[in-house]
Amino acid sequence: MAEEERWFDNEFSEVYSEELAELLHFEESNVQKLQYCSFGVLSSLHTLLFRMLFCATLKRLLIIFHTKGIISEDTLHLTVIASGLFMMWTQNTFALSVFSFTALVIVVPYYKFLFKKNIKFKILIYSIGMLLIWQCLMTAEKFMSIRGILMVMLMKTTSVSFDLANELYKDISLLQLLSYVLDGSTILFGPWITYKQYHDSLEMKNVEVEIMNCFRALSYILFSLLAVIYSSCVADNFTEWYFVGAYFVAQSFRFSHYFVCWLSAGISLLSGVDSGSIVDWTRIELPRSLVDVVVSWNIPMHQFLHQYVFGEMRKYGSAIAIFATYVGINFQLSAVLLSLGFYTYAETKLRSRLSRRTNSCVRAKKCHEECSHAWKENSMPTLAVNMIFRIVAIIHLVYLGMAFDNSTAETGYSWNHTLNVWGDSYYFSHSIGTLTLISSFII
Numbered sequence: 001m002a003e004e005e006r007w008f009d010n011e012f013s014e015v016y017s018e019e020l021a022e023l024l025h026f027e028e029s030n031v032q033k034l035q036y037c038s039f040g041v042l043s044s045l046h047t048l049l050f051r052m053l054f055c056a057t058l059k060r061l062l063i064i065f066h067t068k069g070i071i072s073e074d075t076l077h078l079t080v081i082a083s084g085l086f087m088m089w090t091q092n093t094f095a096l097s098v099f100s101f102t103a104l105v106i107v108v109p110y111y112k113f114l115f116k117k118n119i120k121f122k123i124l125i126y127s128i129g130m131l132l133i134w135q136c137l138m139t140a141e142k143f144m145s146i147r148g149i150l151m152v153m154l155m156k157t158t159s160v161s162f163d164l165a166n167e168l169y170k171d172i173s174l175l176q177l178l179s180y181v182l183d184g185s186t187i188l189f190g191p192w193i194t195y196k197q198y199h200d201s202l203e204m205k206n207v208e209v210e211i212m213n214c215f216r217a218l219s220y221i222l223f224s225l226l227a228v229i230y231s232s233c234v235a236d237n238f239t240e241w242y243f244v245g246a247y248f249v250a251q252s253f254r255f256s257h258y259f260v261c262w263l264s265a266g267i268s269l270l271s272g273v274d275s276g277s278i279v280d281w282t283r284i285e286l287p288r289s290l291v292d293v294v295v296s297w298n299i300p301m302h303q304f305l306h307q308y309v310f311g312e313m314r315k316y317g318s319a320i321a322i323f324a325t326y327v328g329i330n331f332q333l334s335a336v337l338l339s340l341g342f343y344t345y346a347e348t349k350l351r352s353r354l355s356r357r358t359n360s361c362v363r364a365k366k367c368h369e370e371c372s373h374a375w376k377e378n379s380m381p382t383l384a385v386n387m388i389f390r391i392v393a394i395i396h397l398v399y400l401g402m403a404f405d406n407s408t409a410e411t412g413y414s415w416n417h418t419l420n421v422w423g424d425s426y427y428f429s430h431s432i433g434t435l436t437l438i439s440s441f442i443i
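Counted from 1, the sequence shown has number 31 at position 31 by full-length UniProt numbering; the numbering is strictly sequential.
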């Protein structure tokens, strides 16, 4: 028996050693893979980061010189414009198209009707029309490479025209307008800022605020790099199981969005523009409702749409306002945004009716502590209902994000790709949204 026990112990030790060696090799290979991937991602970004940091720092130094009277205001604006043109020129090879677009969207309206009253919708329609024309004239790959730049320019032009029509500002010179629109620290990734925010950024703050803003900016940039590493090197490794893989595909897309938002927040803050929080990732990853996702996805964008699109179109009805707010410029973006708007409308309607029927805090937006509901936020029935809606919101996010799988990201996603991806899932999310809307009429 002793020999048999020794033999068993030896066999067990050998098997255990082999399994342990395989496990250690697997962990070591994964760590090395993560290191190589992270190094590759950061290497591909270092040139872009350097250019953005250079433009932001240059703008801040010029503001110091302007404050001390070393350079004039016109020199400051011209240098800011030059930094924006430099960023566009070094970002892609289609800068000439962007310059032409700039002239048509900014310079022409400026001399024609920018400062006249009652032209808000003319500017908005003109800007969207120019964007659509540019999309038709350019190949998909070229348009995708400059779409973000064009969108930022259009949002700035539209917002300043609305504000001028509403007499929020006095006359703005063409040089001031161009420096606002072509600011090198916000031209690539945003964020959208108002003209007042830009104008305030041209003034020096006290030393304590400036130092604190530098630390905040660097922390934003650090978080953005962690987000892009997770998106590119971690989330893409969990794609073997269907639903889990779909979840991580959608999450990879979301974290790439966080990278853009946090990087733009850091660069703009370093240049003097305190745009506040741009994205609230916790409310997106664990949303109370889809309203949280809509509001928290891009807070400056939400403010722009709410103030200049939804707010202006609301007089024509909520449904039309939602459609105008969520419409995109290609099929997939339009389909995703309109689906999100439909889901949000249905969920908000259902939860509002459910809240009135049950006298509980189950509305899409969290109730105030002084609300008059009998069933408060911390009661078990309310927690259970809100948890169900949280799970449904996460399912919707997984479904909508499945189409963003990087397969044709450089040229844009076609309608065929989007419908095929959703068709493979039997359009279950749209079915849930339809049932939600029907339930809101029944309750």
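A couple of the hints might just be wrong.
[Said to hold, decoys possible] Listed below are the simulated SDA-like cross-link pairs for lysine to any residue, each with C-alpha atoms no more than 25 Å apart in a straight line:
1) K366 - D280
2) K196 - S173
3) K196 - A384
4) K196 - M212
5) K365 - V392
6) K196 - H306
7) K122 - R147
8) K196 - T57
9) K365 - I388
10) K366 - K376
11) K349 - Y427
12) K205 - Y230
13) K366 - I442
14) K170 - M204
15) K68 - F223
16) K170 - H66
17) K366 - Y427
18) K196 - H302
19) K196 - N166
20) K366 - S334
21) K365 - T282
The hints are simulated quantities; they were obtained by calculation from the structure and are not laboratory data.
Each hint, compared with the structure:
| no. | hint | result |
| --- | --- | --- |
| 1 | K366 - D280 | holds, 16 Å |
| 2 | K196 - S173 | holds, 14 Å |
| 3 | K196 - A384 | violated, 44 Å |
| 4 | K196 - M212 | holds, 22 Å |
| 5 | K365 - V392 | holds, 15 Å |
| 6 | K196 - H306 | holds, 18 Å |
| 7 | K122 - R147 | holds, 21 Å |
| 8 | K196 - T57 | holds, 20 Å |
| 9 | K365 - I388 | holds, 15 Å |
| 10 | K366 - K376 | holds, 10 Å |
| 11 | K349 - Y427 | holds, 22 Å |
| 12 | K205 - Y230 | violated, 35 Å |
| 13 | K366 - I442 | holds, 23 Å |
| 14 | K170 - M204 | holds, 22 Å |
| 15 | K68 - F223 | violated, 34 Å |
| 16 | K170 - H66 | holds, 22 Å |
| 17 | K366 - Y427 | violated, 29 Å |
| 18 | K196 - H302 | holds, 18 Å |
| 19 | K196 - N166 | holds, 14 Å |
| 20 | K366 - S334 | violated, 28 Å |
| 21 | K365 - T282 | holds, 16 Å |
Taken one by one, the earlier hints fail for this structure at numbers 3, 12, 15, 17 and 20, listed in ascending order.
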